[in-house]
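*Asks:* Residues 72 to 288 (this note's numbering) make up the sequence shown, in order.
Fair warning: there could be bad hints in the mix.
In silico BS3-like links for lysine-lysine, alpha-carbon gap of 30 Å or less [said to hold, decoys possible]:
1) Lys186 with Lys276
2) Lys218 with Lys205
3) Lys180 with Lys205
4) Lys186 with Lys283
5) Lys218 with Lys180
6) Lys287 with Lys276
7) Lys102 with Lys287
8) Lys102 with Lys283
9) Lys218 with Lys186
10) Lys205 with Lys186
Each pair of labels, with its calculated beta carbon distance range [to be verified]:
11) Arg249 with Glu78: 21 to 29 Å
12) Val188 with Arg208: 21 to 29 Å
13) Thr75 with Glu136: 48 to 56 Å
14) Asn284 with Arg90: 21 to 29 Å
15) Thr84 with Gly179: 38 to 46 Å
Derived by calculation from the structure, the hints in this document are not laboratory data. Where a beta carbon is used, it is the ideal one built from N, C-alpha and C, also for glycine.
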Amino acid sequence: MPFTQDELHALPTVFSAPRFATYLAETQGDKVRALELYQWNMEVSSAFLAPLQMGEVSVRNAIAEAIELTYGPNWPYERSFEIALPNPSRAYSPRQNLIQHRNEPTTGKVIAELKFVFWERMFTRRHDDTIWNKHLRTVLPHTDAAKSVQDLRRDAYQMLEAIRDLRNRIAHHEPIFRRNIREEYDRIRAVVAWRSETAANWLDKIEQVTCKNPQKP
Numbered sequence: 072m073p074f075t076q077d078e079l080h081a082l083p084t085v086f087s088a089p090r091f092a093t094y095l096a097e098t099q100g101d102k103v104r105a106l107e108l109y110q111w112n113m114e115v116s117s118a119f120l121a122p123l124q125m126g127e128v129s130v131r132n133a134i135a136e137a138i139e140l141t142y143g144p145n146w147p148y149e150r151s152f153e154i155a156l157p158n159p160s161r162a163y164s165p166r167q168n169l170i171q172h173r174n175e176p177t178t179g180k181v182i183a184e185l186k187f188v189f190w191e192r193m194f195t196r197r198h199d200d201t202i203w204n205k206h207l208r209t210v211l212p213h214t215d216a217a218k219s220v221q222d223l224r225r226d227a228y229q230m231l232e233a234i235r236d237l238r239n240r241i242a243h244h245e246p247i248f249r250r251n252i253r254e255e256y257d258r259i260r261a262v263v264a265w266r267s268e269t270a271a272n273w274l275d276k277i278e279q280v281t282c283k284n285p286q287k288p
């Protein structure tokens, strides 16, 4: 749908000059094309919300299951699990993130409140002996059988790091139009498929990301 003259005048101001400048630069100063690109960026960002939700929920539930198999159903309140977490003083601290949510009444509530980065940081080698060597293939049964647990765990860390970066950019309304949208979706799908191929196939049926890709201005 074409932009009206009022929209052409008002929208760049609403978006702010510095933010809109990124889109103008990409379209060689063409305001109409820049607005079309901005609109597409909003639409594809919105379309990513369902896959991102599916990816986060599936992987955090898998990790939580592995933790429970090691530390028991009340693992958020277990001192042995707390001290197994890193606690850097000048960076993100998984231990402090856990302690922050200890006032939640159930394990399920804690799981829902922990940051995405908490789950990402669970895929570090410090947890290999206690958790991953025993339970990674149990909770993620469709990972590559030809790879070692250590290789799979490293893959998982890198995948979640990339997904979290996309998630954060979308959450802060940043441009994602220079990214390979198909690759970003496939990464999320792969994480879901580690847990359940059926769930990944269902995601393929409902997602709206890939149909937006050919519509990019």
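*Asks:* Broken hints, numbered, in rising order?
*Replies:* Hint check: 5 fails alone, others pass.
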